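Asks: This is what each chain is made of:
2 protein chains.
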Amino acid sequence: MPRPIADLSRLCMHTMTTKPWPLAQAVREYAKAGIPAITVWRRHIEPYGPEEAARILHESGLEVVSLCRGGFFPAETAEGRRIALDKNRRVLDEAAAIGAPVVVLVCGAVPGMPLDEARQQILDGIGSLLPYAESLGVKLSIEPLHPMYAGDRSAVNTLRQANDLVDALGSPWVGVTVDVYHVWWDPELERQIVRAGSSIFSFHVCDWRTPTRDLLNDRGLMGEGCIPIPRIRGWVEAAGFRSCTEVEIFSTEHWTRNQTAFVTAIKEAYLRFC
Amino acid sequence: MPRPIADLSRLCMHTMTTKPWPLAQAVREYAKAGIPAITVWRRHIEPYGPEEAARILHESGLEVVSLCRGGFFPAETAEGRRIALDKNRRVLDEAAAIGAPVVVLVCGAVPGMPLDEARQQILDGIGSLLPYAESLGVKLSIEPLHPMYAGDRSAVNTLRQANDLVDALGSPWVGVTVDVYHVWWDPELERQIVRAGSSIFSFHVCDWRTPTRDLLNDRGLMGEGCIPIPRIRGWVEAAGFRSCTEVEIFSTEHWTRNQTAFVTAIKEAYLRFC
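These protein sequence lines map, in sequence, to chains Y and G. 1 is the number of the first residue of the first sequence in the numbering used here; add one for each residue after it. 1 is the number of the first residue of the second sequence in the numbering used here; add one for each residue after it.
Source of the hints: derived by calculation from the structure; they are not laboratory data. For clarity, every value in this text was computed on a predicted model and none was experimentally measured. Even glycine gets a Cβ: it sits at the ideal position worked out from N, Cα and C. Among the clues, some could well be false.
To be verified - Facing chain Y, a subset of chain G residues (Cβ under 8 Å, in silico):
#, residue
1, P101
2, P114
3, P147
4, M148
Using the sequences and the hints, build the whole thing.
Replies: Below you can see the structure in the form of structure tokens.
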């Protein structure tokens with residue numbers, strides 16, 4: 001087990017966790033709550049545009065940890081894949097604009113496309129994107145998604161696969177995101193975290209509810225579920241990870257709560273269950 | 001790709017696929033539809049008792065492929081684990097009574113129990129059950145369940161894990177069930193099917209819908225989703241498997257249909273998409 005968490009100095013909030021809040025309100029509330037860092041979702045940048053969003057973020061004093069999200073590389077046609085790459089270049093521009101050092105990649109899948117084909121297209125897509133990412137000084141982080149999303153969101157479903165991609169790409173500008181929600185079940189998890197080592201670019205937390213009532217939007221607040229978060233944090237830290245713990249909770253239930261009270265609950269849960 | 005399916009001679013129905021039908025009606029309808037084989041769920045035996053169920057099955061002329069299901073070994077206390085083992089012995093008695101050569105195991109999980117502990121308890125549980133299974137001439141088949149069930153249904157979530165258990169137990173009375181719904185996403189699937197070889201005791205099919213609206217009861221009829229069933233059947237057959245293809249569909253949507261029409265649709269989907 002890692003050392004208990006003593007303070008909020010490494011807590012990062014995803015804007016999607018408080019989805020109802022526009023960016024300006026989110027940064028105000030996070031700062032007021034003593035949360036030092038933020039990961040920004042594109043939907044929260046959109047109403048402002050990247051320049052205005054960058055100004056809001058800069059003035060808040062919050063550390064921008066990453067931008068969510070790029071990816072979705074596979075497509076049925078070459079034209080579709082070219083469009084996906086163009087879109088990813090715009091995502092990288094956005095990251096550079098707001099000062100996000102990392103873009104998190106949800107790699108994509110096309111229902112009915114053989115997974116090995118999707119996986120090859122993902123490898124090719126990231127490879128094509130890499131020079132542009134490097135030219136902007138923005139890193140790409142491959143987030144393996146839970147196998148229940150293999151049909152339509154990501155054909156990269158284990159940390160082993162993400163590590164294999166990082167190895168194949170062989171660049172310090174590509175790494176992995178460990179999100180406990182997606183990987184907690186994996187009997188290989190500890191071994192693959194050790195293997196990932198310094199290529200772990202980010203660490204996301206929430207909890208797995210039993211029962212889970214919805215595949216997308218029923219994530220739990222830390223402590224509401226069965227994921228051994230401190231144990232996984234211990235593995236990640238033993239691998240050398242020293243950056244933030246990012247709270248990413250998609251939850252229709254929590255989004256309908258008073259979001260200020262929810263942020264208070266998140267701080268308590270972070271100190272107690274992470 | 002394997003050879004196309006020419007007839008119904010290797011089609012097996014799970015009674016849960018037509019959940020609303022009592023056993024007597026299910027066997028009548030399957031036989032009338034030209035389906036030669038059945039896998040029986042315990043809930044469909046219960047209203048009759050094993051002896052009466054055995055008589056119904058015997059008179060139907062259907063081949064009994066397996067009994068679903070035993071398992072659920074992990075428990076917080078030694079007493080809980082002892083009760084689970086006793087229950088599994090009664091499941092084996094039931095299998096012997098109805099002439100089922102195989103009991104399928106859903107291995108179990110306890111929310112909050114560390115998965116490695118649950119996995120050890122599963123290994124111990126199956127090991128303890130084996131002598132009794134062998135004495136009755138009933139095989140035990142470990143079914144890896146999709147990782148989305150790791151919290152509360154099974155801590156065995158990949159075919160690799162199931163194969164590891166089979167290796168550790170080292171008995172011809174233990175094997176694995178390959179259910180496409182649980183394993184289709186796995187990048188290691190083909191390799192682990194090769195490894196399983198003659199220890200593949202059963203092969204289950206249905207389909208993965210995108211989107212999937214419910215974690216438990218939204219399985220698709222073959223052809224309604226994105227699982228490459230013929231490809232996986234090809235791997236299983238190349239590994240030497242020659243037994244039935246078992247249709248196991250949990251679907252609130254399909255259960256509310258006319259079940260006779262559903263069986264007709266299953267036969268068509270089996271010939272076309274398996």
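Asks: How about M148/G: closest beta carbon in chain Y under 8 Å, or not?
Replies: Check passed: Cβ of M148/G comes within 5 Å of chain Y, closer than 8 Å.
Asks: Do the numbers back the hint for P101/G, that is, is its least Cβ distance to chain Y under 8 Å?
Replies: Interface hint status for P101/G: violated (29 Å vs cutoff 8 Å).
Asks: Can we keep the P147/G interface hint, with Cβ of chain Y closer than 8 Å?
Replies: holds (4 Å)
Asks: Return the status of the interface hint for P114/G: holds when the least beta-carbon distance to chain Y is below 8 Å, violated otherwise.
Replies: holds (6 Å)
Hint 1 from the earlier list is the only one contradicted by this structure; the remaining hints agree with it.
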